[in-house]
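Kindly generate the complete structure, drawing on both the sequences and the hints.
Each protein sequence line maps, in turn, to chains A and B. First residue of the first sequence: 1, per my numbering; consecutive thereafter. First residue of the second sequence: 1, per my numbering; consecutive thereafter.
Read the hints as simulated data drawn from the structure, not as lab findings. A few of these clues could be false.
Capping the alpha-carbon separation at 20 Å, the derived lysine to aspartate or glutamate pairs in DMTMM-like fashion look like this [as the list claims (entries may be wrong)]:
#: 1; chain 1: A; residue 1: K72; chain 2: B; residue 2: E296
#: 2; chain 1: B; residue 1: K124; chain 2: A; residue 2: D70
#: 3; chain 1: B; residue 1: K72; chain 2: A; residue 2: D169
#: 4; chain 1: A; residue 1: K124; chain 2: B; residue 2: D70
#: 5; chain 1: B; residue 1: K124; chain 2: B; residue 2: D24
Example chain A residues on the side facing chain B (calculated, C-beta under 8 Å, incomplete) [claimed, not checked]:
#: 6; residue: H50
#: 7; residue: H154
#: 8; residue: V221
#: 9; residue: V227
Small disclaimer: the values here were computed from a predicted structure and weren't measured. Glycine included, every Cβ here is placed at the ideal spot set by N, Cα and C.
2 protein chains.
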Amino acid sequence: MRLLGGIEAGGTKFVCATATGPQDIRDTTTLRTTTPSETIANVISFFRTHGSPSSLAAVGLASFGPLDLDSKSPTFGSITATPKPGWANTSIVTMLVDALQVPVAVDTDVNAAALAEYRWGEAKGMDPLVYITVGTGIGLGGVFNGRLMHGLVHPEAGHIRIPHDVRTDPFSGSCPFHGDCLEGLASGPAMTQRWGQPPDKLGPDHEAWQLEAFYVALGIVAVICCVSPRKIVLGGGIMGHEGLHEMVRASVRRILGGYIQSPFTQARIDEYIIPPSFGKRSGILGAVALAEDISEHPATQ
Amino acid sequence: MRLLGGIEAGGTKFVCATATGPQDIRDTTTLRTTTPSETIANVISFFRTHGSPSSLAAVGLASFGPLDLDSKSPTFGSITATPKPGWANTSIVTMLVDALQVPVAVDTDVNAAALAEYRWGEAKGMDPLVYITVGTGIGLGGVFNGRLMHGLVHPEAGHIRIPHDVRTDPFSGSCPFHGDCLEGLASGPAMTQRWGQPPDKLGPDHEAWQLEAFYVALGIVAVICCVSPRKIVLGGGIMGHEGLHEMVRASVRRILGGYIQSPFTQARIDEYIIPPSFGKRSGILGAVALAEDISEHPATQ
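Next comes the structure, spelled out in structure tokens:
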């Protein structure tokens with residue numbers, strides 16, 4: 001039996017899974033992210049225990065970044081300049097290939113989540129599809145003309161600049177690079193710093209949520225204007241707040257002001273900006289999808 | 001001999017050309033944009049004079065918009081909600097096909113320009129490639145994963161919202177939909193309204209240019225963060241101002257603050273954000289490229 005491996009590599013935890021496909025996850029485990037060598041050894045141990053060298057066909061890695069995804073680069077598949085202690089320049093793909101002796105496909109966590117939603121979710125086949133996550137960071141992945149979005153590096157939509165009226169929101173922003181970029185104004189840590197308590201402690205009627213919806217909407221408007229996606233999947237921990245999706249949609253519609261000629265940016269916007277079909281499982285399912293692709297088309301990676 | 005026709009349809013003029021390829025433009029004409037019926041009759045007359053029904057293989061149309069580019073739509077190939085008097089809902093592709101009896105490919109003027117640069121320019125083969133024009137309007141086209149950028153509609157990058165400090169720039173913006181969106185702050189008409197004279201009358205040391213560079217750079221930063229292009233071709237009438245390209249590049253680099261891990265957003269940014277190889281000819285060459293594509297692959301349109 002052909003087994004696929006998936007790894008969702010995050011800054012605080014690694015989720016590993018074996019599966020024959022998205023509907024058939026066999027085993028999963030969640031590992032704490034410690035040092036690269038210890039964490040990756042634990043990942044390898046999981047796959048050696050739950051697969052066998054002959055049954056494991058390929059592994060997909062959906063990773064935090066920034067990542068070197070240039071297949072011609074000598075450091076392809078490495079985590080590059082992350083501020084996470086010890087993880088900068090970790091050649092995670094090489095370590096996995098050496099230990100497991102199977103093809104390993106790698107992409108950003110957000111591109112992997114986009115792939116899962118594109119392949120199996122409510123947004124199936126919608127192209128361009130964009131997946132936006134609003135949580136500890138703000139990230140963007142997507143499928144464009146049938147393939148995942150890669151470019152000079154990968155999208156970094158959290159770092160666009162958006163209007164910031166310091167008279168109504170004097171918070172100067174939490175981004176160490178840019179201060180009040182989108183992520184600096186609207187990520188989880190930004191909310192915690194602005195309001196003095198984490199987002200999950202803010203009541204449902206707290207003014208924080210209207211401001212959050214406005215900033216996220218400004219980011220989405222930039223994405224709509226630059227990419228013109230056919231569907232936007234909006235996930236991440238912050239978006240779990242009840243009612244926030246509706247507030248973001250209303251704000252996007254208000255900001256666009258009827259300019260984009262489509263019902264999906266107007267009366268039918270609830271069909272256009274949608275939550276992930278797989279919730280928190282988008283990432284690990286995306287990793288399995290990456291494994292599936294490389295097992296079928298190893299030469300294109 | 002197989003002849004290709006190109007049309008660059010603009011709000012003030014239509015440029016028509018016959019060519020065997022980009023290096024071999026045979027005849028061109030420039031027609032004033034009047035009513036749809038008169039203008040299109042003149043276009044048809046040009047192709048009847050300079051081609052013959054048997055020699056003309058296909059026509060490419062690079063048009064102002066907004067356009068309906070959804071091939072499944074009953075109004076495919078129409079100019080839709082333009083404010084230009086008389087032109088809303090003009091089914092220009094149908095009129096050309098009926099009169100000339102050849103395949104007609106249509107796309108936005110900016111996508112066509114992007115295609116010309118992608119196929120024959122300094123940015124040849126760079127994918128994703130983005131073409132940004134700064135002139136009467138601000139527009140974006142591009143090639144992503146081998147094909148032109150199409151989506152829900154088409155990119156409308158002129159209408160993103162950017163930071164606007166009313167203390168240093170009290171101008172409220174010229175966009176009838178959004179006021180101070182990117183186009184409302186940085187298009188040619190916006191400059192004229194803000195400074196009381198058209199851009200070409202502003203001296204080379206006028207403060208207008210530094211502000212213009214800053215706004216254009218904010219737009220480019222949004223494009224870089226959302227799309228991660230491998231190359232940005234920056235054209236349009238405003239960008240013809242001497243020294244403006246250098247000012248925009250410096251401003252992009254300053255705004256990004258070293259975050260994007262690539263030499264092309266830092267020391268080598270002059271290779272990343274470049275002027276069009278074909279200057280004002282990108283549009284008509286792009287139209288010829290569209291014609292070439294549909295003559296070779298009519299079924300994919």
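Taking the hints in turn, this is what the structure says about them:
1. Among the hinted pairs, K72 of chain A with E296 of chain B is inconsistent with the structure: their alpha-carbon atoms are about 32 Å apart, more than 20 Å.
2. Proximity of K124 of chain B to D70 of chain A is assessed by CA-CA distance (about 19 Å); at most 20 Å being required, the pair is judged to hold.
3. A hinted pair counts as satisfied when its Cα atoms are at most 20 Å apart, and K72 of chain B with D169 of chain A does not qualify at roughly 45 Å.
4. Between the alpha carbons of K124 of chain A and D70 of chain B the distance comes to roughly 19 Å, so the proposed pair stays at or under 20 Å and holds.
5. Under the criterion of a C-alpha separation no larger than 20 Å, the hint pairing K124 of chain B with D24 of chain B is consistent with the structure, at around 19 Å.
6. With its C-beta approaching chain B no nearer than about 35 Å, H50 of chain A sits outside the 8 Å limit, and its interface hint is violated.
7. Because the smallest distance between the Cβ of H154 of chain A and any Cβ of chain B comes to about 6 Å, under 8 Å, the interface hint for this residue holds.
8. About 6 Å separates the beta-carbon of V221 of chain A from the nearest beta-carbon of chain B, less than 8 Å, and the hint is met.
9. Because the beta carbon of V227 of chain A sits about 6 Å from the nearest beta carbon in chain B, less than 8 Å, this interface hint is met.
In summary, the structure is inconsistent with hints 1, 3 and 6 from the numbered list given earlier, while agreeing with the others.
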